[in-house]
Amino acid sequence: MPEHSLTPGLGARVELTVTEADTAQSVGSGDVPVLGTPRVLALAEAATVAATVTGLPSGLTSVGVRAELTHRLPTPVGRTVVAQARLAEVDGRRLLFEVTVSDGDEVAAQVRIERTVVDRQRFVARATGSS
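The letter at position 114 of the sequence shown is residue 114 when you use this note's numbering, and the numbering goes up by one with no holes.
It should be emphasised that the hints constitute simulated quantities derived from the structure, not laboratory data.
Fair warning: there could be bad hints in the mix.
Restraint ranges, calculated between C-beta atoms of paired labels, are given here [said to hold, decoys possible]:
1) E106 x S26: 18 to 24 Å
2) T7 x A127: 25 to 31 Å
3) A67 x P33: 20 to 26 Å
4) P74 x Q121: 40 to 46 Å
5) P38 x R94: 21 to 27 Å
No experiment lies behind these values; they were computed from the predicted model shown.
Glycine included, every Cβ here is placed at the ideal spot set by N, Cα and C.
Kindly generate the complete structure, drawing on both the sequences and the hints.
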């Protein structure tokens, strides 16, 4: 497998303006009309993927293998949250990210995400059962 050039400190930022489709009611994680925790995780993962885009050679990708999430504040429909990912550790193919999701000046969530660098074609072939 080719080497990657990802190093600690690498980061990326993504935003989401909360819609009805992002609420706990809509995604099935609760019955309140605020940003659902599954959408917080998806946003945090999107930030980690954005951080790896330029450092992975063609044919490699990263996949999420573990996440630890603390959802601290409710965010209502219409507000914009920002996920800021920072690559904290690199150990061979293992990448550990720390992500802060902010609603204005307040921390709405904190997420630690572990990703693993894989050969995209082999990974998809294994997942689909094709050779």
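Evaluation of the provided hints:
A C-beta distance of roughly 23 Å is found between E106 and S26, which places it inside the suggested range of 18 to 24 Å. Distance hint for T7 and A127: a CB-CB separation of about 28 Å, consistent with the stated range 25 to 31 Å. For the pair A67 and P33, the beta carbons lie near 24 Å from each other, so the given range of 20 to 26 Å is met. Evaluation of the 40 to 46 Å hint for P74 and Q121 yields a pass: the beta carbon distance comes to about 42 Å.
Here the CB-CB span from P38 to R94 is close to 24 Å, well matched to the stated 21 to 27 Å.
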